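Engineer: This is what each chain is made of:
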Amino acid sequence: MTISGTHPDVVVIGAGALGAATAWFATRAGLTVEVVERGSIVSGTTSACEGNLLVSDKEAGPELDLALLSHDLWRGELGELGGLWEFEEKGGLVVAATSGGMAGLTELTERQRAAGIEVREVAADEIHHYEPHLTPELAGAAFYPQDCQVQPMLMAAHLLRLARQQGARVRTGTTVTGFLRDGDRVTGVRTDCGDISAGHVVNAAGTWAGEMAALAGVDVPVLPRRGFILVTEPLPPTVFHKVYAGEYVASTQSSDEGLQTSTVIEGTRSGTVLIGSSRERVGFDRTVSLSALREIASKALALYPSLAPVSLMRTYLGFRPYCPDHLPVIGTDPRAPGLAHVAGHEGAGIGLSVGSAKLLVEAMTGATPTIDITPFRPERFSLQEVS
Amino acid sequence: MARFDLAVVGAGPAGLSAAVTAAENGLTVALVDAGTQPGGQFWRHPDEHHPRPDEGRGQHLWSRFTDLRTRLRALESGAATAGRVELVVGHQVWFVETLAEGFMLHLSATHGETRLPQVRAASLVLCPGGYDRQLPVPGWELPGVMAAGGVQALLKAHRSVAGRRAVVAGTGPFLLPVAAGLAQAGADVVAICEAGSLSGWARSPLGAAGVPSKALEAVEYAALLARHRIPYRMRTVITAIRGESEVGSVGLGRLDRNGRLRTDVSLPDLDVDLVAFGWGFTPSLELVTAVGASTRVDVDESLIADVDDWQRTDVPGAYVAGEATGVGGALLAVAEGELAALAASRDAGRPVSEARARSLQRQIARGRRFAATMHRAHPVPAGWQDWLEPDTTVCRCEETTLGEICAATKELGATDARTVKLLARPGMGWCQGRVCGFAAAKLAIPVGEALTASDLAPLAKRTFAAPVSLETLATTPTESDSATSHDNDA
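Those sequence lines, one after another, are chains A and B. Numbering follows full-length UniProt numbering, with no gaps: position 128 of the first sequence is 128. Numbering follows full-length UniProt numbering, with no gaps: position 330 of the second sequence is 330.
Hints were generated in silico from the structure; no laboratory data involved. Since we're looking at a predicted model, the values are computed, not measured.
One-sided excerpt, in silico: chain B residues whose CB lies under 10 Å from chain A:
| no. | residue |
| --- | --- |
| 1 | W94 |
| 2 | E97 |
| 3 | T98 |
| 4 | H106 |
| 5 | A290 |
| 6 | A408 |
| 7 | A414 |
| 8 | L423 |
| 9 | Q432 |
| 10 | V468 |
| 11 | L470 |
| 12 | E471 |
| 13 | A474 |
| 14 | T475 |
| 15 | T476 |
Which chain A residues face chain B? A few, computed with CB under 7 Å, are given here:
| no. | residue |
| --- | --- |
| 16 | R294 |
| 17 | P309 |
| 18 | T315 |
Pairwise CB distance ranges (calculated):
| no. | chain 1 | residue 1 | chain 2 | residue 2 | range |
| --- | --- | --- | --- | --- | --- |
| 19 | B | S266 | A | L235 | 43 to 49 Å |
| 20 | B | G403 | A | D372 | 42 to 48 Å |
| 21 | B | T263 | A | C193 | 35 to 41 Å |
| 22 | A | F240 | B | S245 | 31 to 37 Å |
| 23 | A | R335 | B | C406 | 42 to 48 Å |
| 24 | A | A308 | B | D347 | 39 to 45 Å |
| 25 | A | F240 | B | C406 | 29 to 35 Å |
| 26 | A | E86 | B | R242 | 30 to 36 Å |
Note that CB positions come from ideal geometry on N, CA and C, so glycine has one too.
Build the full structure now, drawing on both the sequences and the hints.
Structural biologist: As structure tokens, this is what we get:
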């Protein structure tokens with residue numbers, strides 16, 4: 001059964017941040033777009049994260065290039081829309097507890113500065129100018145003015161709305177059950193509501209993108225990495241920047257299976273303070289781990305002792321889409337022409353969404369890529385297996 | 001850490017009955033309640049440390065309570081039974097862990113120091129009760145607008161009257177005792193506005209006839225209303241609440257037989273300083289969902305625990321009794337609590353009276369039929385959105401308006417309650433959707449559609465069943481700690 005009257009240029013699978021950004025850039029490029037989503041819009045990892053737009057946690061390399069491209073887009077092409085999704089250039093403060101930690105942080109900032117990141121070192125006795133409630137027991141910090149924050153659900157929902165205004169169609173409650181094929185070529189999707197043929201099919205299924213790729217017969221190893229976030233009661237302004245411990249950078253790059261926690265704290269416009277973070281590879285297990293929550297709380301209090309009596313209203317968990325080499329998957333798939341992927345951004349998907357979507361649309365339309373896209377090519381994992 | 005055969009959460013009609021029954025059957029029991037003394041919301045009464053002869057004034061089924069309290073005290077003081085019941089009042093459960101065997105409750109004191117931070121129990125009877133269901137009305141954020149149950153609690157515990165000129169509005173039989181209580185305490189109750197009509201009862205006389213005590217109660221209230229000259233106005237709703245800094249008056253509307261607002265009838269305003277609202281009750285489901293038990297939607301569109309005819313959930317060792325299995329009143333709750341305790345005892349291998357259990361099961365089936373009749377006779381009227389304005393506040397914690405919720409659905413494409421919450425924030429604030437959850441869920445779906453469990457479950461799930469401080473969380477022992485120390489020992 002074919003859904004009648006539709007033959008879009010692009011079918012996007014997934015109505016999260018990546019799917020929404022892809023739909024927006026694709027309609028801007030003059031393509032006709034349909035988005036299919038098995039649940040509701042923004043119902044996956046987009047609704048279980050913090051909305052970080054970070055450059056501070058990136059080492060020089062392709063992910064930083066993508067972050068800087070995205071940063072330019074957030075402030076440039078999308079700059080006028082920032083108010084819709086609470087875009088805030090709040091800046092990030094990375095703190096080191098020990099002199100050894102500070103030495104490591106200084107080395108990192110030197111490499112980052114060379115790669116084009118704005119960063120200033122903050123002496124121990126200046127930290128309270130940035131964050132008056134931080135513990136005085138710190139060796140030093142680094143301030144990253146380019147770190148920003150958005151409300152991720154509003155961001156994705158508004159990009160979808162704007163794409164719809166340009167003629168895109170969003171079908172929620174529609175599950176992709178297979179792909180239309182012409183030999184190796186992917187020519188559309190089969191869904192539980194009917195078939196949709198299309199010029200391109202974009203796999204933006206987030207943490208479930210690996211399963212979606214497998215359905216198309218190609219290997220894209222996206223795996224879930226669980227994280228918890230604690231939410232406080234609304235407070236008077238207490239945490240002014242995105243504040244995190246230097247060890248956070250190391251933990252984002254680690255591939256450990258066991259529980260890892262590193263402190264990330266930030267205030268939101270509604271007055272709540274979000275406290276993370278944890279990383280565990282436990283599949284899609286939704287059991288709440290009290291030990292993970294406890295560790296997050298205890299490390300947060302080490303940085304902000306005055307938060308001790310503050311009440312937590314809720315906690316939420318999500319599954320970061322994680323690739324073994326910690327790089328996202330962006331690009332058309334030569335193993336299945338007509339299929340493209342934009343997924344696997346781990347904990348950075350909100351920030352990197354716009355750069356990734358722009359690069360993908362460039363790849364689909366044959367435009368010159370703004371930055372080198374080859375480090376993100378989807379077939380890289382199978383090539384490694386061959387070599 | 002304290003270990004028990006059974007933990008009972010909630011010391012209202014269901015929980016008190018469950019705890020006393022289980023302990024009399026030989027189980028060691030922890031009875032946990034956030035209040036300062038047993039009784040729950042239904043039997044909330046003045047501080048027992050200052051005994052007064054009229055403590056049962058304004059109460060219903062009071063002898064049931066005093067009987068349970070006497071049995072509880074006998075258990076506490078009996079030579080053979082001393083220590084069998086640990087009464088943990090003034091404590092709330094903020095987290096429940098499901099262990100390989102049994103459950104671990106994490107508690108915090110509602111005031112002052114936490115006496116018992118953890119309770120470990122082989123099985124669990126959850127009797128969390130419920131709270132008044134509320135619907136938004138223009139102006140309902142003004143001081144002087146209260147939940148009917150809140151008004152009742154002030155009367156019962158402190159003998160204090162929340163206002164001088166009151167209107168009691170909403171739907172259901174619970175409006176009657178609240179109005180009667182206010183009148184007896186000296187307030188001028190200018191009207192009871194009942195959105196339904198008594199004809200709802202006539203359509204299903206079987207259910208009501210099955211529980212004769214309810215018919216007697218109705219006669220009692222009719223006499224009280226007559227004595228205090230309280231007008232009982234059917235198919236009448238409050239459509240607006242007006243006042244500068246507090247409630248001054250309310251606007252009224254008349255509903256047609258389909259529950260829609262009639263535009264051809266205009267009614268004069270009522271001058272009042274207190275509005276008590278009750279649209280039925282919403283069961284507290286956070287602990288039920290926290291243990292992973294299945295839920296379903298009841299006749300009144302409440303999310304409730306799905307239990308079998310022994311009050312068992314589909315989680316081994318977890319039982320639910322009282323309003324959380326369907327709103328049905330105190331008598332039903334007492335029976336369910338007793339049955340849950342018998343089931344827990346029986347499942348733990350202890351002999352119980354099968355005849356007593358069968359009798360309770362019959363009583364519960366009768367009570368459920370009555371409750372279904374009541375819910376059908378007192379639905380939330382279909383037209384409850386007719387009198388809302390775009391700037392009407394829906395979520396008072398986050399100050400989310402109806403207009404913002406409509407923008408989330410119509411412009412941003414939210415198709416369910418969870419997405420509306422994510423985009424417009426109703427239910428994100430201090431009460432975590434306990435007040436606005438029902439309305440927000442209804443507003444997320446097309447008018448006239450019934451709520452499903454998948455609409456309600458995301459709003460009922462609250463991983464922290466009560467707010468917990470960062471310090472308490474940071475220092476709380478967890479089951480994995482004891483598992484680790486066990487490994488070290490081995």
